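Build out the structure end to end from the sequences listed, making use of the hints.
What follows is each chain in one-letter form.
Protein chains: 2
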Amino acid sequence: MKEAQKNSNNYYEQLNDLRQSIGQLDEDLLRIFAERRKLSLKVANNKLATGKKVRDQAQEKNLLSNLTKKGQALGIEPSVTLSLFHNIIEDSVRSQYDFFLENCAQESLEPLTLAVLGEPDSYSHIAAQQHFATKKRRFTPEFCPNFLSIFKSIDAKRADIGIVPIENTTAGNITEVYDLLLQYQLKIVGEEKLKVKHCLVAPKGASLETIKDVYSHPQAIAQCKAFFNQHPHINSHFRSSTSSALKLVAEYQNPSIAAIASEQAAESSGLEVLSYAINNYQENYTRFLLIANQEVNVPNAVPAKTTLTLQTSQQPGALLDCLQVFKSHGINMTKLESRPIPTKPWQELFYIDFEGNANEINIKTAISELKTVATEVTVLGTYPLHDILATKLDHHALSNQLNKL
Amino acid sequence: MKEAQKNSNNYYEQLNDLRQSIGQLDEDLLRIFAERRKLSLKVANNKLATGKKVRDQAQEKNLLSNLTKKGQALGIEPSVTLSLFHNIIEDSVRSQYDFFLENCAQESLEPLTLAVLGEPDSYSHIAAQQHFATKKRRFTPEFCPNFLSIFKSIDAKRADIGIVPIENTTAGNITEVYDLLLQYQLKIVGEEKLKVKHCLVAPKGASLETIKDVYSHPQAIAQCKAFFNQHPHINSHFRSSTSSALKLVAEYQNPSIAAIASEQAAESSGLEVLSYAINNYQENYTRFLLIANQEVNVPNAVPAKTTLTLQTSQQPGALLDCLQVFKSHGINMTKLESRPIPTKPWQELFYIDFEGNANEINIKTAISELKTVATEVTVLGTYPLHDILATKLDHHALSNQLNKL
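In order, the protein sequences belong to chains Y and V.
Numbering follows the UniProt record's numbering, in which position 315 of the first sequence is assigned residue number 315; successive positions increment by one, without gaps.
Numbering follows the UniProt record's numbering, in which position 123 of the second sequence is assigned residue number 123; successive positions increment by one, without gaps.
Bear in mind the hints are in silico, worked out from the structure with no lab data behind them.
Remember, it's a predicted structure, so these values are computed and weren't measured experimentally.
Among the clues, some could well be false.
In silico contact screen, one side only, chain Y against chain V (beta carbon under 7 Å); selected entries [said to hold, decoys possible]:
1. ASP28
2. SER79
3. ALA133
4. LEU336
Coverage of chain Y stretches by chain V, computed from C-beta distances (three or more under 8 Å per stretch; other residues unrestricted) [claimed, not checked]:
5. 31-37
6. 57-68
7. 86-92
8. 149-160
9. 178-190
10. 365-378
In this text, a Cβ means the ideal position worked out from N, Cα and C, and glycines have one as well.
Put into structure tokens, the structure is as follows:
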């Protein structure tokens, strides 16, 4: 055997050995992580018994500060340690929230019927799967051809719950859903956020040159505007959902016709992905609302968000008076959206999201104050806050550790 | 001692015990993670010796698929296992890239002088800290009052390298920097992405009611448009940087004057944060370019991005001919931006970012073909790709594991 060949075999063996050792360490990591999750549920049980809040950020701060120091002694940069443990703590906090919600609601574990737009693997369906992935309760999807039929299905009690997109970071608000929320007066019982990647999907044999017409939901097309600007020979056409666009393309099997849809949906349609992530911005998120006939009970230990609508008189400053109520109670408003009222021309309806639970005394007081300055106030629901913000260490304490100058 | 008191003490002790056990597990996790990182560098060394690419996504796929199965046996949902290990693999891939770059460039480890906008803790400074956090090479900042002075400082060789923002997901491109890139013909040697959270910062004693005037960089103000819409009594004013705005507010100490800046900068200014994250969208990212006089050598084992400018004749279809060259070579274009040419009215200059290394044969061929259809082609630089995309498992394999129906 030649020397070079021997060396190459040695390297090959070494790489295999290293990979095996890494695989072993990964299994150790996973095992310890599983143990940590069990202890975290015991902590949740303890907090439930003593009426404590789920989140204790002072405790998290201690933990993270200690770990970044220990990490540095092991040669791990603080930013890397923080990123790893933010991930672990987020999972732990989310599991504890779910534990509280399940124990307080004492819900049945019967599968829910969930009204959802499109076909299997539509973005709404993926968002629903993501929402229920870590929950005990399962769901059976009822696929609906448009937003209106989702609201009708819940209203008629054919479905227990529904999921609808409400805003997208690139294309803005989905005003149709806002208007249906007002019309049907369903309760908002949850929220979910999905990172959206739009793929250009076509039959086998098609290429970017052969494509002339692209079908999709108007929102998806709006989020891919830059793609259409760059390919002026390609025309866009609206369909009621990305799933129905995909169906059309799968039926025609014409190399000039493509759809915009998720990779997951492309996989099940038997079509090919010509281009991944053609959205204008890589960071493209859609926020979904879960809606139902009955409100959900969010225990006070779990951070909550509330959505309400308000109508003000046409007096100048009426909206400012309302916003003043939020300020004076120290309530953090996360969204303010105005919509015209179809039956009352030139009057505006405001949708307001804020952090807090409609059962808390402070929020109750604020809402009754609002009722004295607004002509109509309707609470659409209190639901668990989706985002779990990472606990931050003081930047300067950290940058002293980081300081390389 | 009463029974209730005893119970409460028991709960308190139990919580402490649980937290201590969790702390112990976290240290174990960190220790194993540190061992894994050492092995990962040995893998990088092995790959460097055998000329392999850093990333082996087939290998990652095996690893992830195995771990999600092992995780499920331990009661961990696949999405949770994937999220944990995507984080760990991203760190490992980034460390291996840095190892290749350091070993191929054989750079000195002398600290770099880095020209950066504003004052300590400006967004650009934070982006630079983030960029160099995991790198061996350190930097000394040279703070510049505006973008032009950054370019001048590098051009005059006072600074070795500079960092400039080039685009923001909410407010769009920073055209001034595009134009300076053309004017100074510096080389792009790297990119960085920073998640931006704009805080409203004011002197102690100020409140949202007392604020009348807010100072900041025009980009920051554009990214907080919704805040100004919601607070019509507050006026916005431009300053050349968020740092200079902060300085002004710190000097005046007037409860009617506030600035928009990062939390980190607010902390060092001694001012107070009145509102966290007042940007229109929570997902608000700025992409920065690192620029220098000399190009950087990116080894082929590390994924790279190249930026070039091209000018086309005014014949119709000239740009399409150029784009056709990218397509025919299978090159993935990640950005196309057009700018007018100051000296040639009605002619357009195009900035194109694509994945690939200007040293690769395929890219070299494409660039020489471009030169036959465009009137001018200038490569601004090849630099390591910032994003490390997570290796995905097949959705359907995963959803069979996930299936709850």
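Hints that the structure is at odds with (numbers, increasing): Numbers 8, 9 and 10, in rising order.
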